[in-house]
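Between the sequences and the hints, there should be enough to build the whole structure, so can you do that?
Top line first, the protein sequences correspond to chains A and B.
End of the first sequence sits at 264 in our numbering; the numbers just go up one at a time, nothing left out.
End of the second sequence sits at 1264 in our numbering; the numbers just go up one at a time, nothing left out.
Read the hints as simulated data drawn from the structure, not as lab findings.
It cannot be assumed that every hint is accurate.
[To be verified] So the derived list for chain A, only partly shown, Cβ under 10 Å to chain B, looks like this:
#1 Y103
#2 H111
#3 L115
#4 S118
#5 I136
#6 R138
#7 V155
#8 F157
#9 A161
#10 N163
#11 L249
Ideal placement from N, C-alpha and C gives every residue a C-beta, glycine not left out.
There are 2 protein chains.
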Amino acid sequence: MTIQDQWFDGAILRLADPQNQRVWSIIVSLFGDLAQGPDDRISGAALTRIIQPMHVKPEAIRVALHRLRKDGWVDSARSGRSSVHHLTEFGRAQSAAVTPRIYDRDPDIPHDWHLLMSEGSGSLDDLLLTENYISIGRNAALGSGAIPPNCDDMVVFNVTARNVPSWLKSRLCPPDLIKACGSLADAVKDVPSSRPAELNLTAAQVATLRTLIVHRWRRVALRNPDLPPMFFPDDWRGQDCRASVFALLDTLPKPDLNALNAPV
Amino acid sequence: MTIQDQWFDGAILRLADPQNQRVWSIIVSLFGDLAQGPDDRISGAALTRIIQPMHVKPEAIRVALHRLRKDGWVDSARSGRSSVHHLTEFGRAQSAAVTPRIYDRDPDIPHDWHLLMSEGSGSLDDLLLTENYISIGRNAALGSGAIPPNCDDMVVFNVTARNVPSWLKSRLCPPDLIKACGSLADAVKDVPSSRPAELNLTAAQVATLRTLIVHRWRRVALRNPDLPPMFFPDDWRGQDCRASVFALLDTLPKPDLNALNAPV
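Given below as structure tokens:
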């Protein structure tokens, strides 16, 4: 086993999400990262080359693809003896909806916040589901920018935070999210620190590492509210994690789909 | 019966609070208006002269004084065959606490509002009782000026209201308060409109009318939150009522205590 292979195997272990190795979810991350375009295709063989090194059996990949087809995320076609897969229009829309948040290296923290307070919780629930609102209690939600229409039945305040108590901080950033963020930050720093000077990864190997990083970061980034620093617990390492994730991704440029799909 | 007596009797009927003619409460309003100083005394005979015209029997005045003594509001002393009454230190403190709100002709509406939100309701309940906070939901209260100490466990926002829905307006100004305010506004306009050109009221008669006005206004003023206009329902007549109350009081200058106490 070469030094490079050792490093690659070690990186896989280090980057694998200890919480979520569901294969269908990994495939979603993979397509989102490498094949989100309407004409992008990934062959079954390429998928196997990318995912199998994560200690996932080919059978598990087939089951996951079956599920993704059933749920309308992925479509597949046969091409001779092999198959090619692509995101459906629905899958691309879902993917595109979260891409800006996942790939934002330096999110703008809005300055113009407002608070909506409802009498019951019904009308607020709708907003929390469909808009980018942050619940801060049974009947209150924080948002930024323009106030949505249909808020006539809510109290609307423009707000500036003066104090954020620990109970709200840990509601916004619960301990498991703090831990997931911290351990990912550590992982994406460890992996490049042991990287051999000479490294010639295949396109599939680059895709494997990228997928692992993006998959795990996605689960942190999408739960990380874009709030001013005072809303976060002291042990929140969101900035550190984000910077280290993108520093590592930058050393692993997205491989070309043709290179990925080319028979080995 | 003279025209003046007719007008005086009519004014009493018009100014009497349809909701609250509890005698002890009338006596509290009377002392607050006319005898709030530490050396101020009102004789039993003067009290009777002021209150009896409100269709209150002397026996009811005695019972009310007994209750006020028992509750520590009023103290009494005998002076020969008659008695004199005064507010206790406690009574004066209670009276002084609400005097600024009752007698404010043109309350400053604060511009610097903040919202406190608690996790449970306990800590907020304390503030709502002891400070000038306005509840706007189970776990939220509006206040102005400096943020009190001991708010570490609360979310604190500086706020500017953008929308106040009708459910909050009618919580802040419930229908019975709107009605009480409107009917008082009508009464204090009606009474001077029928006032005879020649009017020579006794000190006691002036005190009777002042007491009725202050007593009824007190119950509106102390429930009227000092919030910006957008928080009030359209049919709220607080400004109109306040202006008319003070216009009428200005025509009935506070009588001198010596004049009130002088045997007739």
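Status of each hint after checking the structure:
1. The interface hint given for A:Y103 is violated, since its Cβ lies 31 Å from the closest Cβ of chain B, which is over the 10 Å cut-off.
2. Evaluation of the A:H111 hint against chain B yields a violated restraint, the C-beta minimum of about 13 Å exceeding 10 Å.
3. Because the smallest distance between the Cβ of A:L115 and any Cβ of chain B comes to about 6 Å, under 10 Å, the interface hint for this residue holds.
4. For the restraint placing A:S118 at the interface with chain B, the shortest Cβ-Cβ distance is roughly 9 Å, inside the 10 Å limit, so the hint holds.
5. Of the supplied interface hints, the one on A:I136 holds, with its beta-carbon coming within about 7 Å of a beta-carbon of chain B, less than 10 Å.
6. With its C-beta approaching chain B no nearer than about 7 Å, A:R138 sits inside the 10 Å limit, and its interface hint holds.
7. The criterion of a C-beta within 10 Å of any C-beta in chain B is met by A:V155, whose closest approach is roughly 6 Å, and the hint holds.
8. Taking 10 Å as the C-beta cut-off, the interface hint given for A:F157 holds, the closest approach to chain B being about 4 Å.
9. With 10 Å as the threshold, the beta carbon of A:A161 comes within range of chain B, its nearest partner Cβ sitting at about 6 Å, so the hint holds.
10. Taken as an interface hint, A:N163 checks out: its beta carbon lies about 4 Å from the nearest beta carbon of chain B, inside 10 Å.
11. At its closest, the beta carbon of A:L249 sits 36 Å from a beta carbon of chain B; the interface hint therefore is violated under the 10 Å criterion.
Violated hints, in rising order: 1, 2 and 11; the structure is consistent with all others.
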